[in-house]
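Trainee: The chain contents come next:
Protein chains: 2
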Amino acid sequence: MKEEKPEGITVKKEKDFSEWYQQVVLKGGLAEYSAVKGCMIIKPLGYAIWENIQAYFNARLKELKVQNVYFPLFIPESFFRKEAEHAAGFKPEVAWGESEGERLAIRPTSETIMYDAFAKWIRSWRDLPLRINQWCNIVRWETKATRLFLRTREFLWHEGHCVYATEKECEAETLLYLKEYQKLCEEQLAIPVLPGKKTESEKFAGAVYTLSVEGLMPDGRILQLGTSHNLGQGFANAFGIGFLGRDGKKQTPWQNSWGFSTRLIGAIAMMHGDDKGLVLPPMIAPQQICIIPIFFKENKAEILKKAREVAKTLQKFRTLLDESEDYTPGWKFNEYELRGVPLRIEIGPKDIKQKQVVLVRRDTGKKEIVKERDLAKRTEQILADIQKSLYNKAKKFLNSSIVEAKNFREVERAIKEKKIALANWCGSNCEEKVKQLAAKSINMPLSQNTKGTCALCGKAARFKVYLAKSY
Amino acid sequence: MKEEKPEGITVKKEKDFSEWYQQVVLKGGLAEYSAVKGCMIIKPLGYAIWENIQAYFNARLKELKVQNVYFPLFIPESFFRKEAEHAAGFKPEVAWGESEGERLAIRPTSETIMYDAFAKWIRSWRDLPLRINQWCNIVRWETKATRLFLRTREFLWHEGHCVYATEKECEAETLLYLKEYQKLCEEQLAIPVLPGKKTESEKFAGAVYTLSVEGLMPDGRILQLGTSHNLGQGFANAFGIGFLGRDGKKQTPWQNSWGFSTRLIGAIAMMHGDDKGLVLPPMIAPQQICIIPIFFKENKAEILKKAREVAKTLQKFRTLLDESEDYTPGWKFNEYELRGVPLRIEIGPKDIKQKQVVLVRRDTGKKEIVKERDLAKRTEQILADIQKSLYNKAKKFLNSSIVEAKNFREVERAIKEKKIALANWCGSNCEEKVKQLAAKSINMPLSQNTKGTCALCGKAARFKVYLAKSY
Chain A
781 MKEEKPEGIT
791 VKKEKDFSEW
801 YQQVVLKGGL
811 AEYSAVKGCM
821 IIKPLGYAIW
831 ENIQAYFNAR
841 LKELKVQNVY
851 FPLFIPESFF
861 RKEAEHAAGF
871 KPEVAWGESE
881 GERLAIRPTS
891 ETIMYDAFAK
901 WIRSWRDLPL
911 RINQWCNIVR
921 WETKATRLFL
931 RTREFLWHEG
941 HCVYATEKEC
951 EAETLLYLKE
961 YQKLCEEQLA
971 IPVLPGKKTE
981 SEKFAGAVYT
991 LSVEGLMPDG
1001 RILQLGTSHN
1011 LGQGFANAFG
1021 IGFLGRDGKK
1031 QTPWQNSWGF
1041 STRLIGAIAM
1051 MHGDDKGLVL
1061 PPMIAPQQIC
1071 IIPIFFKENK
1081 AEILKKAREV
1091 AKTLQKFRTL
1101 LDESEDYTPG
1111 WKFNEYELRG
1121 VPLRIEIGPK
1131 DIKQKQVVLV
1141 RRDTGKKEIV
1151 KERDLAKRTE
1161 QILADIQKSL
1171 YNKAKKFLNS
1181 SIVEAKNFRE
1191 VERAIKEKKI
1201 ALANWCGSNC
1211 EEKVKQLAAK
1221 SINMPLSQNT
1231 KGTCALCGKA
1241 ARFKVYLAKS
1251 Y
Chain B
781 MKEEKPEGIT
791 VKKEKDFSEW
801 YQQVVLKGGL
811 AEYSAVKGCM
821 IIKPLGYAIW
831 ENIQAYFNAR
841 LKELKVQNVY
851 FPLFIPESFF
861 RKEAEHAAGF
871 KPEVAWGESE
881 GERLAIRPTS
891 ETIMYDAFAK
901 WIRSWRDLPL
911 RINQWCNIVR
921 WETKATRLFL
931 RTREFLWHEG
941 HCVYATEKEC
951 EAETLLYLKE
961 YQKLCEEQLA
971 IPVLPGKKTE
981 SEKFAGAVYT
991 LSVEGLMPDG
1001 RILQLGTSHN
1011 LGQGFANAFG
1021 IGFLGRDGKK
1031 QTPWQNSWGF
1041 STRLIGAIAM
1051 MHGDDKGLVL
1061 PPMIAPQQIC
1071 IIPIFFKENK
1081 AEILKKAREV
1091 AKTLQKFRTL
1101 LDESEDYTPG
1111 WKFNEYELRG
1121 VPLRIEIGPK
1131 DIKQKQVVLV
1141 RRDTGKKEIV
1151 KERDLAKRTE
1161 QILADIQKSL
1171 YNKAKKFLNS
1181 SIVEAKNFRE
1191 VERAIKEKKI
1201 ALANWCGSNC
1211 EEKVKQLAAK
1221 SINMPLSQNT
1231 KGTCALCGKA
1241 ARFKVYLAKS
1251 Y
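Which chain is which? The protein sequence lines are A and B, in order. Residues in the first sequence are numbered from 781 upward in steps of one, following the numbering used here. Residues in the second sequence are numbered from 781 upward in steps of one, following the numbering used here.
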């Protein structure tokens, strides 16, 4: 038996957040860097979280009548040029290949290659709305420093692309998908978000407007978690997408696109992890429960038998029974704590005699002795409570971090204190001033009723806007 | 209401197989060519079949303790060079990018990038066996003519990669995964296969040996459907993968890799389709049943109500109720036939009065009137029977196509007659002679007990081998 502990986290989350994050991702077994600069390897635990997110979201997509497809990785350069703003926005980070004379972009996003096909697929109002999604890899040749899950040259994502007969439908569903992202983040990942509209300078290249959900990470920086773009008719015009209306006349449709990426996995690690490692919300934890039998040679058979019974009792949960004799129970405790398993169940000789087991919550570390007959019910309650507690803690942190700021000095103070400034803004390029503070405009709350003066330049305000440091 | 029929298949499968296949894939809605030469777009129906294959196979992987991961798309050129045979084998078809001085291959397969990481992951016998899989896109810059699903420059696949402490385990599991492929093809896709071992000249670049499952397509050509490679210790040596054994000594492990691709979707279309379009095996059909209510204005409410009841009765199946008024029932019949839905249910005014529905099988076109009370049971029987019938028909075709060939003349005759020649072979490069017939060695049956003389050169035979034309 291996006696030593697995290599734990050696820095405090409070002290050195950046190093702590790196260690939690590496030692928790989520991902690691590969031999190719800026590209990551998503390891089994990280990928299993992604699969759970996919399973949840695919079920939602089905209900929303969105169909999955797969489009080519390569996009002809000429397609990129068709929508001018889009081309300009993505130019710096496209990786290129070449074939038979034309440069081929390695997809940084798929609007152009998809919409070339949509122009052929759509003939009449009968073909609308068209709702398409793909799960795929994306390449953006970042020049900034990369960080696992948060900024890498390749990542995985989903991208939804819809075409509508009317502007109204397009507007409504652009918001609908944002609300789906909010639900995913809050109910599944236990991460509260700020839904809002991006300012003009921060919107997607080629969009009329961009909606986003943004999460506040424990270091006071905002992480963008999902975006939904109303593309208007710009791409439809550029790619010649038209349809015959019910009135027999040729019309131009409206479009949106929307996506989130494996960055969500990084957000989960940052948000809930602690000095012992990952803490995974039960809803998306690949293993919700680990059962650790504590045995010696003389009682091994008896204890394993009981452990298997307990595993069977709990089979409706994602339960792992670790029967291995290669590692000590103590080693296993540490290992599953590092990996963030929400609930640990210990079963030793004393427990068998007393028809009980010991439950240990990962989030609080609290121990609880539960009678076998109550186990299934109590487990369900505890897992639900962990999910709720993680969310409530993060929500409290978010709420306490939003500070109303009436002028630039107050904006500055908020940002220095690692808070989010909620400020009045006139809508002009005075927004640029925030960059002096190494911060930026995050988004503007969805419901707006703004009066007063701009916190940045003193003119009449038109919007409320969140200003903060960001990833 | 749109009165005309959807554009159907305009050639006979018997007459022009190649054109028929293209039309079935395009008009059935599986896939189409994209603007990038040799790259395809997998459309909703094609992708949904892939998702069903993935769901089935992921469940098997879980039982076999294989873990999913994601490795980078880009592979440093230096990695490719490490295993000499592997490098030579893949060189002609690798697409390259470049970054910071080193050429980066766009993955044609992931052995090298994965095994560089495995060398760090594996320390001792405790870490073995390591069983890893990824679902991803693959790029091979084909210069031959491309065909949808069968040969494209980009495709989707899964690749399993395992590392074992002993040669025996490696051998056993290389075969185990092949058997899984056989099960997938035969039980899910209703495609009987020939499992066997590739000859030396046909094995994977870098393998000790390659096992394969091969399907006979209706035009008499063999399509390789999955491969499992015993890699021996070659890659482990090249990438420095070692482990500390239970005896405390440093050892070199054994490895295998195995995969199948979206080519399977093309095989389904080829094998089961007919002159009306696709015929999908119920086990992997995205829609197993389509319900077509036949109504006019005056009885619409009544008939839709019944159709919804029927849909509810059949909810354990993947059932589609088409309530649309934009197309006539006749149009819908043709459309769902094109798309291969295994079973159609028609509900009209007469059926309601008589508490019955009309079932129409896609494979045989046979109509059957079924009382409502028997519907769920009868549907289950018919779907099972369709699955079995498709397999049996294909199996009969395969069996009747295998011809024992004792000499080159008999090999030649078999191949001219679009059959598979089962021939004795000495194991030498006389295998080359088959190329004169535009055919090649497919694989060698797994159990061998060969006597007699080589059909190709007359020397003493060592193996039985399948010879045929192939894709």
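These are computed hints drawn from the structure, not numbers from a lab. Hints should not be assumed to be uniformly reliable.
One copy or two, either will do: identical chains are not told apart, so a pair holds if it fits within one copy or between any two.
What the hints assert, rightly or not - Below, simulated DSS-like cross-link-like pairs (lysine-lysine); rule was C-alpha separation at most 25 Å, straight line:
id, residue 1, residue 2
1, K817, K871
2, K1096, K842
3, K845, K807
4, K842, K807
5, K924, K963
6, K1239, K1135
7, K1199, K807
8, K1147, K817
9, K948, K1130
10, K1215, K1077
11, K1077, K1199
12, K1085, K817
13, K1231, K900
14, K1092, K842
15, K1198, K1175
16, K900, K1196
Trainee: Is it within a copy, between copies, both, or neither that the alpha carbon of K948 lies no farther than 25 Å from that of K1130?
Mentor: For K948 and K1130, neither the intra-copy (66 Å) nor the inter-copy (42 Å) Cα distance is at most 25 Å.
Trainee: With 25 Å as the alpha-carbon cut-off, assign the pair K1198 and K1175 to within, between, both or neither.
Mentor: The answer is within: 16 Å in one copy meets 25 Å, while 69 Å across copies does not.
Trainee: Using 25 Å as the alpha carbon limit, work out where K1147 and K817 are close: within a copy, between copies, both or neither.
Mentor: neither (44 Å within a copy, 61 Å between copies)
Trainee: For the identical chains here, do K924 and K963 meet the 25 Å Cα criterion within one copy, between copies, both, or neither?
Mentor: Answer is neither; intra-copy 31 Å and inter-copy 48 Å both fail.
Trainee: When Cα atoms must be at most 25 Å apart, do K817 and K871 count as within-copy, between-copy, both, or neither?
Mentor: Both. Shortest intra-copy (20 Å) and inter-copy (23 Å) distances satisfy the 25 Å Cα cut-off.
Trainee: Measure nothing new, just compare the shortest in-copy and cross-copy C-alpha distances for K1231 and K900 to 25 Å and report within, between, both or neither.
Mentor: neither (47 Å within a copy, 59 Å between copies)
Trainee: Have a look at K900 and K1196 and pick one of within, between, both or neither, based on CA distance no larger than 25 Å.
Mentor: neither (53 Å within a copy, 41 Å between copies)
Trainee: Which holds for K842 with K807 at a C-alpha limit of 25 Å: within a copy, between copies, both or neither?
Mentor: between (36 Å within a copy, 23 Å between copies)
Trainee: Given identical chains, is K1077 near K1199, meaning Cα to Cα at most 25 Å, within a copy, between copies, both, or neither?
Mentor: Classified as neither; 56 Å inside a copy, 62 Å across copies.
Trainee: At most 25 Å between CA atoms: does that hold for K1096 and K842 within a copy, between copies, both, or neither?
Mentor: both (24 Å within a copy, 16 Å between copies)
Trainee: Is it within, between, both, or neither for K845 and K807, if the alpha carbons may be no more than 25 Å apart?
Mentor: Between copies, since 21 Å is at most 25 Å while 39 Å is not.
Trainee: At most 25 Å between alpha carbons: which applies to K1239 and K1135, within, between, both or neither?
Mentor: So K1239 and K1135 fail the 25 Å test inside a copy (71 Å) and across (74 Å) alike.
Of the hints listed earlier, those the structure fails to meet are numbers 5, 6, 7, 8, 9, 10, 11, 12, 13 and 16, in rising order.
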